[in-house]
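Participant: Sequence:
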Amino acid sequence: MDFLIPANSTKIIKESNAPFSQILFVQGWAGDAFGSYVLSGYGSGTSARNHVSSIGDGGIAVITVDGMEFIVKNTYTSELYCSVLCVMGRAPVIM
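Anchor point for the sequence shown: position 61 equals 61 in my numbering, and the numbering is continuous, going up by one each time.
It cannot be assumed that every hint is accurate.
Unchecked claim - Heads up, simulated SDA-like pairs for lysine to any residue below, C-alpha to C-alpha not over 25 Å straight-line: (1) Lys11 x Gly45; (2) Lys73 x Gly58; (3) Lys14 x Phe3; (4) Lys11 x Met88; (5) Lys73 x Ser40; (6) Lys14 x Val87; (7) Lys11 x Tyr42; (8) Lys11 x Ala48; (9) Lys11 x Glu79; (10) Lys73 x Leu85; (11) Lys73 x Arg90; (12) Lys73 x Ser9; (13) Lys73 x Ile55; (14) Lys14 x Gln27; (15) Lys11 x Ser47; (16) Lys14 x Ala91; (17) Lys73 x Ala33; (18) Lys14 x Gly31; (19) Lys73 x Asn17; (20) Lys11 x Ser78; (21) Lys14 x Leu4; (22) Lys11 x Gly31; (23) Lys73 x Ser16; (24) Lys14 x Gly43; (25) Lys11 x Glu69; (26) Lys11 x Ser36; (27) Lys14 x Ala48; (28) Lys11 x Val93; (29) Lys14 x Ser47; (30) Lys14 x Gly56; (31) Lys11 x Ile23; (32) Lys73 x Leu4; (33) Lys14 x Ser40.
Stated by the list, open to error - Between beta-carbon pairs, the in silico distance windows are: (34) Ser44 x Glu79: 28 to 34 Å; (35) Ala48 x Thr77: 19 to 25 Å; (36) Ile71 x Gln27: 30 to 36 Å.
Please keep in mind that the hints were generated in silico from the structure rather than gathered at the bench. Think of the CB as a built atom: it goes at the ideal place given N, C-alpha and C, for glycine as much as any other residue.
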């Protein structure tokens with residue numbers, strides 16, 4: 001599932017209320033404009049249930065968790081190309 005995040009903007013990855021595991025890939029136009037993250041969890045509730053772990057991070061995106069939503073903020077000066085690879089569970093909704 002591919003999507004773009006405009007410069008200095010935010011996208012939300014909304015998960016279903018079931019176990020999930022995904023890899024989020026982020027790429028920009030410069031050598032340091034990259035990132036890979038594991039998004040995983042199993043349901044709504046406390047922040048202890050849903051997690052984001054960095055595999056490699058060029059510092060162009062900030063990801064926070066709010067319930068079943070992963071909020072991805074583009075801190076880069078240009079648009080970011082993103083792709084979510086679903087490893088387990090349903091595909092998320094990108095808002």
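Participant: State for each hint whether it applies.
Facilitator: Hint check results:
Straight-line distance between C-alpha atoms of Lys11 and Gly45 comes to about 21 Å, which keeps the hinted pair within the 25 Å bound. Between Lys73 and Gly58, the direct Cα distance comes to roughly 13 Å. Compliance with the 25 Å bound is thereby established for this hinted pair. Pair hint Lys14 plus Phe3 holds up; C-alpha atoms about 14 Å apart against a cutoff of 25 Å. Taken as a hint, the Lys11 and Met88 pair is honoured in the structure, with Cα atoms around 21 Å apart against an allowance of 25 Å.
Under the criterion of a C-alpha separation no larger than 25 Å, the hint pairing Lys73 with Ser40 is consistent with the structure, at around 18 Å. Our distance criterion of 25 Å between C-alpha atoms is met by Lys14 and Val87, whose separation comes to about 16 Å. Among the hinted pairs, Lys11 with Tyr42 is consistent with the structure: their alpha-carbon atoms are about 21 Å apart, no more than 25 Å. Between Lys11 and Ala48 the CA atoms are separated by roughly 22 Å; this keeps the pair inside 25 Å, and the hint holds.
In summary, the hint linking Lys11 to Glu79 is supported, as the alpha carbons are separated by about 12 Å, within the 25 Å threshold. Pair hint Lys73 plus Leu85 holds up; C-alpha atoms about 19 Å apart against a cutoff of 25 Å. Between Lys73 and Arg90 the CA atoms are separated by roughly 23 Å; this keeps the pair inside 25 Å, and the hint holds. Proximity of Lys73 to Ser9 is assessed by CA-CA distance (about 6 Å); at most 25 Å being required, the pair is judged to hold.
For the hint linking Lys73 to Ile55, the alpha-carbon distance of about 17 Å falls within 25 Å, and the restraint holds. As the CA atoms of Lys14 and Gln27 are separated by approximately 20 Å, the hinted pair is consistent with the 25 Å bound. Taking the CA atoms of Lys11 and Ser47, the gap is about 19 Å. The hint holds against a cut of 25 Å. A C-alpha spacing of about 9 Å is found between Lys14 and Ala91, which places the hinted pair at or below 25 Å, so the restraint holds.
A hinted pair counts as satisfied when its Cα atoms are at most 25 Å apart, and Lys73 with Ala33 qualifies at roughly 13 Å. Only pairs whose Cα atoms come within 25 Å are accepted, and Lys14 paired with Gly31 is rejected, the gap being roughly 29 Å. About 23 Å separates the Cα atoms of Lys73 and Asn17, which keeps this hinted pair within 25 Å; it holds. Annotation: proposed proximity of Lys11 to Ser78 holds, straight-line Cα distance about 15 Å (limit 25 Å).
Between Lys14 and Leu4 the CA atoms are separated by roughly 16 Å; this keeps the pair inside 25 Å, and the hint holds. With a C-alpha separation of about 22 Å, the suggested pairing of Lys11 with Gly31 holds against the 25 Å cut-off. Restraint check for Lys73 and Ser16: the C-alpha separation of about 21 Å stays at or below 25 Å, so the hint holds. For a cut-off of 25 Å, the pair hint linking Lys14 to Gly43 stands: about 11 Å separates their Cα positions.
A threshold of 25 Å between alpha carbons decides the hint, and for Lys11 with Glu69 the separation of about 10 Å falls inside it, so the pair holds. For the proposed pair Lys11 and Ser36, the alpha carbon gap of about 16 Å is at most 25 Å, so the pair holds. Under the criterion of a C-alpha separation no larger than 25 Å, the hint pairing Lys14 with Ala48 is consistent with the structure, at around 17 Å. Using a Cα cut-off of 25 Å, the hinted pair Lys11 and Val93 holds, with the two alpha carbons roughly 10 Å apart.
The straight-line distance between the Cα atoms of Lys14 and Ser47 is roughly 14 Å, inside the 25 Å bound, and the hint therefore holds. Proximity of Lys14 to Gly56 is assessed by CA-CA distance (about 22 Å); at most 25 Å being required, the pair is judged to hold. A distance of roughly 16 Å separates the Cα atoms of Lys11 and Ile23; the hinted pair therefore holds under the 25 Å criterion. A C-alpha spacing of about 11 Å is found between Lys73 and Leu4, which places the hinted pair at or below 25 Å, so the restraint holds.
For the hint pairing Lys14 with Ser40, the CA-to-CA distance comes to about 12 Å; that is within 25 Å, so the pair holds. Distance hint check for Ser44 and Glu79: the Cβ-Cβ separation is about 31 Å, which falls inside the suggested range of 28 to 34 Å. Judged by the Cβ atoms, the range 19 to 25 Å given for Ala48 and Thr77 is violated: they are separated by roughly 35 Å. Look at Ile71 against Gln27: about 19 Å separates their beta carbons, and that is not inside 30 to 36 Å.
Figure legend: structure checked against the earlier numbered hints; hints not met, in rising order: 18, 35, 36.
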